[in-house]
Each structure stands twice: as C-alpha cells, then as structure tokens.
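Let the sequences and hints guide you as you build the complete structure.
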Amino acid sequence: MILLHTTGRILRQLRHDRRTVAMLVAVPTLLLTLLYFMYDSQPGVFDHIALIMLGVFPFIIMFLITSIAMLRERTTGTLERLLTTPLRKTDLLFGYGLAFGLAAAVQAGFASALAYLLLDLDTQGAAGYVVMIAVANAVLGMALGLLASAFAKTEFQAVQFMPVLAVPQLLLCGLFVPRDLMAGWLQAISDVLPLTYAVEALQEVGAHAEPTGTMWRDFGIVAGAVVVALVAAAGTLRRRTP
Amino acid sequence: MTSAIEVADLVVHRGARPVLHGLSCTIPEGSVTGLLGPSGSGKTTLMRAIVGVQVVRSGTVTVLGRPAGDAKLRKEIGYLTQAPSVYADLTVRENARYFAALYGLGQAEADAAVRDVGLAEAASQLVGNLSGGQRSRASLACAVVSKPKVLILDEPTVGQDPVLRDELWAQFRGLAESGSTLVVSSHVMDEANRCDRLLLIREGLLIADDTPAAVKASAGTDDLDQAFLTLIRRQGTGVPAPRATGETSEVPS
Chain F
1 MILLHTTGRI LRQLRHDRRT VAMLVAVPTL LLTLLYFMYD SQPGVFDHIA LIMLGVFPFI
61 IMFLITSIAM LRERTTGTLE RLLTTPLRKT DLLFGYGLAF GLAAAVQAGF ASALAYLLLD
121 LDTQGAAGYV VMIAVANAVL GMALGLLASA FAKTEFQAVQ FMPVLAVPQL LLCGLFVPRD
181 LMAGWLQAIS DVLPLTYAVE ALQEVGAHAE PTGTMWRDFG IVAGAVVVAL VAAAGTLRRR
241 TP
Chain Z
1001 MTSAIEVADL VVHRGARPVL HGLSCTIPEG SVTGLLGPSG SGKTTLMRAI VGVQVVRSGT
1061 VTVLGRPAGD AKLRKEIGYL TQAPSVYADL TVRENARYFA ALYGLGQAEA DAAVRDVGLA
1121 EAASQLVGNL SGGQRSRASL ACAVVSKPKV LILDEPTVGQ DPVLRDELWA QFRGLAESGS
1181 TLVVSSHVMD EANRCDRLLL IREGLLIADD TPAAVKASAG TDDLDQAFLT LIRRQGTGVP
1241 APRATGETSE VPS
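Residue numbers (the numbering used here), protein chains in the order written: chain F, 1 to 242; chain Z, 1001 to 1253.
Source of the hints: derived by calculation from the structure; they are not laboratory data. Please note that a few of the clues may not be correct.
[Unchecked claim] Only pairs whose alpha carbons sit at most 25 Å apart, straight line, appear in this in silico DSS-like list of lysine-lysine:
(1) Z:Lys1072 to F:Lys89
(2) Z:Lys1149 to Z:Lys1075
(3) F:Lys89 to Z:Lys1149
(4) Z:Lys1147 to F:Lys153
(5) Z:Lys1147 to F:Lys89
[To be verified] Label pairs and their computed distance ranges (CB to CB):
(6) F:Ala113 to Z:Ser1131: 54 to 60 Å
(7) F:Lys153 to Z:Ala1120: 35 to 41 Å
(8) F:Asp120 to Z:Arg1115: 55 to 61 Å
(9) Z:His1013 to F:Asp17: 35 to 41 Å
(10) F:Arg239 to Z:Arg1017: 21 to 27 Å
(11) F:Thr20 to Z:Asp1222: 56 to 62 Å
(12) F:Ala26 to Z:Pro1028: 55 to 61 Å
(13) Z:Ser1131 to F:Asp17: 19 to 25 Å
(14) F:Arg217 to Z:Gly1015: 45 to 51 Å
(15) Z:Gln1125 to F:Met38: 42 to 48 Å
(16) F:Thr214 to Z:His1013: 51 to 57 Å
(17) F:Val21 to Z:Leu1164: 33 to 39 Å
(18) Z:Arg1017 to F:Thr236: 21 to 27 Å
(19) F:Ser41 to Z:Gln1107: 54 to 60 Å
Yeah, the Cβ is synthetic: ideal placement off N, Cα and C, and Gly gets one too.
Take a look at the structure:
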C-alpha cells in the first residue's frame, strides 16, 4: 500500500508541474519530426534512426528527471524523514519505478503514435513491442538516475552524470558505428552496456514481423540491469548518516 | 514516572569535530522536555541520535525500551527537522495525506493534522508558495499526523506569530497529556517555562537537567536567561559568556 501511495505522491508532484509534463510529451515528438525532415532525401534511414530514438529518448529523459527528483529528496530532507517512517526502501524505489514507468509509457505512446501515424515509420514487428522496450529503457534510465543521485551533491553535478553515464552508452550502442565494425576493446565495452541490448531489441522489432528470441533475451538483459541498478541504489539509501 | 528515552554516555563526532562528549540524560514518558542551548551546541545532533538517523561513535540511546533507530520504533516516532522537510511541489493537504498514508492513516486524520497547525485555509496551496512560518507548520502537520508516542521537534515555533505559538504549545501539551513524550528544541526562553523539564546543552555537554523551577532556583534567579548564564559560569569553562538566545540560525544538520 505504501508503495502505491508513494507512486501516487510522485505522480501528483509531476501533475503540479505542468510544464514538465508538456515537455515530456512534446520534446520527443518534436525531435522525431526534426529527424524526419533531416533524412527526407535518404529513404530508409529515418526508419532506422527513429526506431532507435524511440528507445533512447525515454532513457535519457527519465535519467535526468529521476536524478534531479531524488537529489531533491536528499537535499530537502524529505528522504531522511521518509526513512524515519514505516516506509521501506523498496517502497520508495519501486514507487519511483512505477510512477516514472507510467510517465514513460505515456511519453512513448505519444512518440510512437506520431512516428507510425504521421511520419510513416515502418517496422516489420508491431508497434506495441517498440513501446514495451521504450518503457523498459525509461525504467533503466530511472534506475541509473536514482543511483547517480547518490554521487551528486548539487543539481549541477547531477545533470553532468548524464553525459558520464548515458552518452558513452549512446555512442557505443551501434547507432553511430555498427558494433561489428568497432575495435575489439570498444565492442567489449559495448557488450557490458545495457543500452546496447535495448537498441538491439528495437532493431529486432524493426527487422522481424514476430518477436524473436534475441529480442526477448535483450529485453531480459535490460530488465536485469534495472534490478542491478535498483539494488545498488537501495544500498545508497542510508537511514543513518554522519 | 517511567522513562521514554534514555541516553547514556553518548559520543557523536560530525566530520572531525566532536559534537557530543559523553552525554547522558533520561526523559520521562508523557512529558514535554525543552532542549535549550546556543547555536551549534549539539541540540540537533542529540535529536537526530534519538530519532536514530545519526551515526554515533559510542554510547547508547534507548527509546521506548528499544535501541534508537530500531525498525519497530518507526511507527512510534515523529520527527520534525529544523528546515521544513515537505514536498514544495505538493499542496499542504497532499503532503499531510501522503505522510498519513505511510502510517496507514486516512484522509480524515491528515486533514485534522492540517487544521491543528492552523493551515486549514491554506490546505490547497502548494507548499512552495507558502511563507516560511506556514511551511514549517506544514512540516509539523506531517510529524504530528500519526500522533506518535515520541515526538522530536527541532525548533517548531521559529517564525510563528505569538497567538499561533500559544496554540501550538497548547497542542504539544495536549499530546503529552494523552501519553506522548515530546522533546522540543528552542531558542526562546519564555517557551522553556512551558516545559516540564529542561535540558541545557552547551558545547556538547549537559549543564542542567531539571524542571524550569529547579533550574531557576539552583541559579538563584527568576529569569531563565540569567539562570542559564549563571550555570555556565558556575561550570567554570573559562570562556566568555555565550549568547544563549537571540540567534536564529543554527549549524545545518
């Protein structure tokens, strides 16, 4: 019950911040539209890039939002207060997971609707799988954001963890250079970064009409990375501080 | 009277700085205990240790027969931090209802807590838009909503108008009469007179632990401010008289 009340509280905070809600929905759709016109003269390229972006936007945006939200909990003293109440750490972590997962589903829904219906995005597999993977990515971004917030003392530091944790994953996920063309050591790094699997899963949806074993395996890896990040984040929530 | 809180030989360091040096005290159940002392004397640190959020170097803190911070105590203890710790992007009512829900309580209890701190009119305003005094009352509402057995209040009346302060103290008294144990820190000496017992702390040491009347009697004065000074001088710490009151800021915790 405490878990659901916490989810409700986080969503209520979000609802009071209308501009953030508007940006959550509008920014990915605007960027997708930009991509559409950029690649207007190169048929097929938009399909490839837009599909990956549908998974990458929620990852980055949820990372940023969660790391700032959690940093606020730490700096305003609400986290310390929450930890003196009967709330369990998992109530808080999964509360964030559910709330931002839901926000991500709305975001991915709008972005996918725009991409498929107006921008003629073409994938072999069903759009539902794209949304599913996008939500998993958002939850991954959220979990890493929760973790990163523990290492930031100020908002300035928190936003800079985005380039530290998100950009290398983006560069090495196979979007810019296909993974099999990378140097061996870069491939090895790419192999341990969760976003790599999220992107591969999306490409599977793009290339196959039915969900493939690779897609499910990649989806499982992303889910596993979420659990690892959440467990690590739970370790940073200390009831006693110096 | 049985004791609700027992502190024995408590030593706390924050960073490299020793804050409490072997402090011991006993706080009786169903009482209001005032915690007084100048800024930086260790009041907040002692309160944090009682709540169980402070890493302690040595000594013990026992609350309701259990070690401070024990999971079973989380339902029984309420803590008001000095800086208001409520969500600025929620309304007063939403804050109170969330904290009520953490104790398994419903909206009726939450709304009553908001009324009790005099915020009924502002209940649907965002905490971020409130004045400092209102904000700290919103925070207070979230601490008292569960009517905890032990209530630790770090400067609950700072910046409140005198009428309201009177009402808040009546509320604290009511909670104590219904069996709660309150520890209230303050800089205002006239509030000290409303307490059942006083703990005077200075530089991490307890210099008085008695009823207000007894503190005044032992110092041979009717003025608590003066009594505090006398007791410090008697302690023979060899430092100039400290400023016991009049400071509004404190070392952040």
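Inset, instruction - Just pull the numbers of the violated hints for me, sorted ascending. - result: 4 and 6
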